[in-house]
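Sequences listed follow chains A and B, in order. Numbering of the first sequence is given in the UniProt record's numbering, commencing with residue 1 and proceeding in unit increments. Numbering of the second sequence is given in the UniProt record's numbering, commencing with residue 1 and proceeding in unit increments.
Please note that the accuracy of each hint is not assured.
Same chains, same names: a pair is fine if it fits in one copy or spans any two.
Unchecked claim - Straight-line C-alpha distance at most 27 angstroms; calculated DSSO-like pairs for lysine-lysine:
hint	residue 1	residue 2
1	Lys369	Lys108
2	Lys110	Lys423
3	Lys423	Lys108
4	Lys416	Lys108
5	Lys81	Lys110
6	Lys393	Lys359
7	Lys161	Lys132
8	Lys161	Lys110
9	Lys369	Lys423
10	Lys393	Lys110
11	Lys252	Lys359
12	Lys423	Lys359
13	Lys110	Lys359
14	Lys362	Lys110
Please keep in mind that the hints were generated in silico from the structure rather than gathered at the bench.
There are 2 protein chains.
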Amino acid sequence: MAIILKNSLKLNVFHNKLSPFLRRRQSETQTSSLLSLTTSSCGLIESTIKDKLQTKLKFGNTLNKIEITSSAVLEANDCTKGRKSVGVLGGGAWGTAIADLIGRNVAKHKHLFHEEVLFYVRDESLRLIIEKTRQNIRYLSAIKLPLNVRPVSSLSDAVSKSDVLIFVIPHQYLQDLCYAINDSISTRNPIGISLSKGLHIDSAGNLELNSQIIHRMLGIPVGVLSGANIAIEVAQRQYSEATLVNPLTNDKNCEELFRCLFECNLFRVSFCNDGPTVEMCGALKNIVAIGCGLVDGLGYGMNTKAAALSCGVREMIRFVEVFHPKYELSTFFQNCGIGDIIASSFGGRNRKVSEALIKSSKSIEMLEKQLLRGQKLQGPQTAHVVYQLLQNKQLLNEFPFFSAIHRICNRTMDPKDLIQAIKSSP
Amino acid sequence: MAIILKNSLKLNVFHNKLSPFLRRRQSETQTSSLLSLTTSSCGLIESTIKDKLQTKLKFGNTLNKIEITSSAVLEANDCTKGRKSVGVLGGGAWGTAIADLIGRNVAKHKHLFHEEVLFYVRDESLRLIIEKTRQNIRYLSAIKLPLNVRPVSSLSDAVSKSDVLIFVIPHQYLQDLCYAINDSISTRNPIGISLSKGLHIDSAGNLELNSQIIHRMLGIPVGVLSGANIAIEVAQRQYSEATLVNPLTNDKNCEELFRCLFECNLFRVSFCNDGPTVEMCGALKNIVAIGCGLVDGLGYGMNTKAAALSCGVREMIRFVEVFHPKYELSTFFQNCGIGDIIASSFGGRNRKVSEALIKSSKSIEMLEKQLLRGQKLQGPQTAHVVYQLLQNKQLLNEFPFFSAIHRICNRTMDPKDLIQAIKSSP
Chain A
1 MAIILKNSLK
11 LNVFHNKLSP
21 FLRRRQSETQ
31 TSSLLSLTTS
41 SCGLIESTIK
51 DKLQTKLKFG
61 NTLNKIEITS
71 SAVLEANDCT
81 KGRKSVGVLG
91 GGAWGTAIAD
101 LIGRNVAKHK
111 HLFHEEVLFY
121 VRDESLRLII
131 EKTRQNIRYL
141 SAIKLPLNVR
151 PVSSLSDAVS
161 KSDVLIFVIP
171 HQYLQDLCYA
181 INDSISTRNP
191 IGISLSKGLH
201 IDSAGNLELN
211 SQIIHRMLGI
221 PVGVLSGANI
231 AIEVAQRQYS
241 EATLVNPLTN
251 DKNCEELFRC
261 LFECNLFRVS
271 FCNDGPTVEM
281 CGALKNIVAI
291 GCGLVDGLGY
301 GMNTKAAALS
311 CGVREMIRFV
321 EVFHPKYELS
331 TFFQNCGIGD
341 IIASSFGGRN
351 RKVSEALIKS
361 SKSIEMLEKQ
371 LLRGQKLQGP
381 QTAHVVYQLL
391 QNKQLLNEFP
401 FFSAIHRICN
411 RTMDPKDLIQ
421 AIKSSP
Chain B
1 MAIILKNSLK
11 LNVFHNKLSP
21 FLRRRQSETQ
31 TSSLLSLTTS
41 SCGLIESTIK
51 DKLQTKLKFG
61 NTLNKIEITS
71 SAVLEANDCT
81 KGRKSVGVLG
91 GGAWGTAIAD
101 LIGRNVAKHK
111 HLFHEEVLFY
121 VRDESLRLII
131 EKTRQNIRYL
141 SAIKLPLNVR
151 PVSSLSDAVS
161 KSDVLIFVIP
171 HQYLQDLCYA
181 INDSISTRNP
191 IGISLSKGLH
201 IDSAGNLELN
211 SQIIHRMLGI
221 PVGVLSGANI
231 AIEVAQRQYS
241 EATLVNPLTN
251 DKNCEELFRC
261 LFECNLFRVS
271 FCNDGPTVEM
281 CGALKNIVAI
291 GCGLVDGLGY
301 GMNTKAAALS
311 CGVREMIRFV
321 EVFHPKYELS
331 TFFQNCGIGD
341 IIASSFGGRN
351 RKVSEALIKS
361 SKSIEMLEKQ
371 LLRGQKLQGP
381 QTAHVVYQLL
391 QNKQLLNEFP
401 FFSAIHRICN
411 RTMDPKDLIQ
421 AIKSSP
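Go ahead and model the full structure; you've got the sequences and the hints to work with.
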């Protein structure tokens with residue numbers, strides 16, 4: 001595929017703003033007055049450059065042109081060209097369950113994928129055990145991983161050999177991971193899918209999503225998978241669903257590739273183009289789950305929990321309205337919305353720890369260590385980030401439920417006052 | 001207040017189509033060429049006649065005029081004029097809990113309400129026990145009713161003395177009740193609020209809601225109260241919320257009247273003008289609850305339940321789209337929507353009986369008798385009505401989840417096939 005940028009007066013600016021990955025690509029092929037990028041497949045550079053040009057950089061009209069030959073367009077649309085290697089980054093419960101699912105799926109779709117799935121597990125002792133027993137005895141001992149899932153301890157190996165990168169680490173480690181793998185990114189135009197849940201504040205004080213961090217730091221297109229997916233239940237092959245955001249919007253070949261990667265008889269994916277809402281739902285639902293756990297811990301019944309949950313959902317919607325005004329309300333009715341909210345509010349780890357918070361004087365960090373055996377809570381950190389973002393915009397008054405959850409988590413508010421917060425929510 | 005209908009060439013047609021209540025009013029004041037209705041308060045006749053003229057009857061332009069003096073308009077808007085007597089029709093668990101709530105509220109708002117609440121209990125032996133012990137030992141023994149709630153056995157007494165009628169009987173008995181009280185309706189322009197949950201098919205094969213039946217048969221304006229309100233929890237004063245549809249849309253005095261009637265520190269009401277959606281949510285959520293009970297009974301976990309629930313909610317929305325195209329999607333995020341769906345799917349009687357259906361070969365009617373001690377299930381009947389309505393419109397294929405619930409309830413489908421129905425739902 002050839003992408004030609006003509007009339008590049010501001011080429012240096014463009015060059016410096018490109019991600020390290022694209023800079024490498026560019027240097028290989030740059031000419032004096034014509035930048036021509038040649039690569040083997042996927043149109044990934046095309047979409048990345050378009051994105052950079054159209055959203056990140058303010059070029060004059062002269063540079064903002066991309067010429068692509070018609071054969072290149074055809075090729076660019078065929079993201080399934082060539083068999084893909086898949087790497088799963090993260091050896092927690094959900095990482096293990098998804099490695100298991102993907103391991104089985106790539107074996108069924110050998111025309112699309114290399115059969116070996118690289119499974120990065122940070123802790124070498126755990127990796128050795130998984131390699132030997134096929135079981136993640138620490139986080140998901142109930143299943144044996146298929147033989148084609150290979151646990152690896154070298155992050156750069158896992159990354160450099162993968163065309164599809166599944167990010168499934170706690171969101172608080174995401175930036176460090178991206179920094180660490182920046183130089184290992186495959187030269188074969190990888191695509192990322194974020195399964196991490198959480199929100200960030202960028203250096204300018206604005207909201208940044210996991211997929212945006214990966215895209216910013218690695219320069220690769222990133223999709224999202226999110227839904228009511230309690231890891232052990234997916235691993236036990238109980239029927240589950242998820243919402244999938246195609247990294248290359250409207251690219252049907254890419255959609256089909258990812259459907260084959262994730263979907264099976266007992267795991268159904270539905271596609272959604274409203275990526276930011278899908279991702280925000282995945283993060284914000286953990287705040288709602290904390291609220292529901294608090295209601296449980298306070299000894300209230302289903303009416304109060306339903307009031308807390310529907311109040312929480314309405315604050316979720318208002319939050320998305322503020323930070324992503326082009327959202328679709330219907331996204332909240334996908335599995336990533338109402339489905340995930342319910343599963344987390346009745347069954348997840350955030351609910352569990354916050355219920356314990358009522359009955360204990362320990363800090364939430366201590367309870368996390370005690371109850372989750374090394375797994376990380378996303379809810380309290382997300383509540384903190386949301387609190388800061390709303391504070392920056394002087395909107396805390398309009399989000400009494402979200403605000404209360406943060407203040408209860410950091411022990412500056414009596415949990416009993418949660419009911420008052422629910423009542424005062426618009 | 002005076003309402004004057006001029007130029008009534010088709011007066012006889014109009015006269016015959018009016019409800020018995022309005023016919024009485026009309027006969028009292030009719031003159032040869034001018035129909036003048038005089039009444040004391042509330043503008044109820046105004047709204048009822050307007051409704052009849054504008055939506056039910058197809059008159060010529062000449063008759064379709066209502067002249068109201070400006071003082072009458074002022075008076076018509078003041079629906080709080082005069083202290084109101086409240087009657088609660090229905091002695092089940094929810095009827096008892098709401099009689100308790102209303103009993104306490106009218107005592108707090110003596111300027112708006114007569115202090116005595118008439119509580120119609122059909123079964124005389126139960127009524128006597130309630131009168132003596134203040135406890136509904138059959139359906140809600142956990143609380144003692146306040147002394148100002150007077151259980152009565154005469155339906156006509158309860159109805160004729162009430163300005164506000166709370167309909168809280170199983171929906172399958174609603175038409176019989178309306179027929180029975182048609183001649184007892186107060187001459188003081190009562191207002192109704194429906195708390196019943198369920199759907200009906202009218203004589204033309206179309207969907208008819210509880211509030212529409214009451215309005216059609218009694219000629220009174222009818223609002224709706226619906227939400228995550230498990231009776232025992234409301235009675236135990238656990239914090240609960242509900243959505244309230246004002247019988248006189250946009251009449252702020254009427255809104256305030258009903259807020260005072262229902263709201264207290266631990267029961268919050270929010271108003272919503274999208275009445276048909278509120279009412280359909282209250283009925284359809286019982287089908288979703290059956291689906292969730294089946295998932296529980298089949299031994300699946302939270303992921304599958306979340307998939308069933310979100311699939312059910314999407315079919316609810318599509319159903320409302322078909323039968324009430326002017327719906328507001330946001331109504332589903334009120335307590336009457338997502339809140340009630342959750343409470344019913346995790347805690348209600350429909351969930352309980354359908355879970356038992358999996359583990360038993362008994363019919364759903366037998367399980368209802370065995371498990372609910374005389375209380376009625378709304379879910380299976382609602383699923384049946386929905387099935388018929390969709391069949392009439394040849395839309396069953398688009399509602400595989402709803403269709404499956406009906407067929408599982410009448411034992412013509414294996415419950416295990418529910419998962420396939422969820423998977424095939426659009």
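### Task
Go through the copies and call it for Lys81 and Lys110: within, between, both or neither, with a Cα cutoff of 27 angstroms.
This pair counts as within: shortest intra-copy Cα distance 13 angstroms, inter-copy 77 angstroms.
### Task
Using 27 angstroms as the alpha carbon limit, work out where Lys416 and Lys108 are close: within a copy, between copies, both or neither.
This pair counts as between: shortest inter-copy Cα distance 26 angstroms, intra-copy 52 angstroms.
#### Entry: Up to 27 angstroms CA-CA - Lys359 versus Lys423, copy category
within (23 angstroms within a copy, 40 angstroms between copies)
### Message
If the cut is 27 angstroms between Cα atoms, do Lys161 and Lys132 qualify within a copy, between copies, both or neither?
### Response
This pair counts as within: shortest intra-copy Cα distance 22 angstroms, inter-copy 80 angstroms.
### Query
Is the C-alpha distance from Lys369 to Lys423 at most 27 angstroms within one copy, between copies, in both cases, or in neither?
This pair counts as neither: shortest intra-copy Cα distance 32 angstroms, inter-copy 38 angstroms.
### Query
Between the shortest in-copy and the shortest cross-copy C-alpha distance, which are at most 27 angstroms for Lys369 and Lys108: within, between, both, or neither?
neither (39 angstroms within a copy, 50 angstroms between copies)
### Task
Classify it for me, Lys423 with Lys108: is the Cα-Cα distance of at most 27 angstroms met within a copy, between copies, both or neither?
between (52 angstroms within a copy, 20 angstroms between copies)
### Query
Is it within, between, both, or neither for Lys393 and Lys110, if the alpha carbons may be no more than 27 angstroms apart?
neither (50 angstroms within a copy, 44 angstroms between copies)
### Task
Up to 27 angstroms between alpha-carbons, please classify Lys110 paired with Lys423: within, between, both or neither.
Only across copies: Lys110 and Lys423 sit 25 angstroms apart there, 55 angstroms inside one copy, limit 27 angstroms.
### Query
At most 27 angstroms between C-alpha atoms: does Lys110 with Lys359 qualify within a copy, between copies, both, or neither?
neither (52 angstroms within a copy, 42 angstroms between copies)
### 27 angstroms Cα threshold - placement of Lys110 relative to Lys362
neither (51 angstroms within a copy, 48 angstroms between copies)
### Task
First find the shortest C-alpha distance between Lys393 and Lys359 inside one copy, then the shortest across copies, and answer within, between, both or neither for a cut-off of 27 angstroms.
So Lys393 and Lys359 fail the 27 angstroms test inside a copy (34 angstroms) and across (54 angstroms) alike.
This entry does not satisfy hints 1, 6, 9, 10, 11, 13, 14, going by the numbered hints stated previously.
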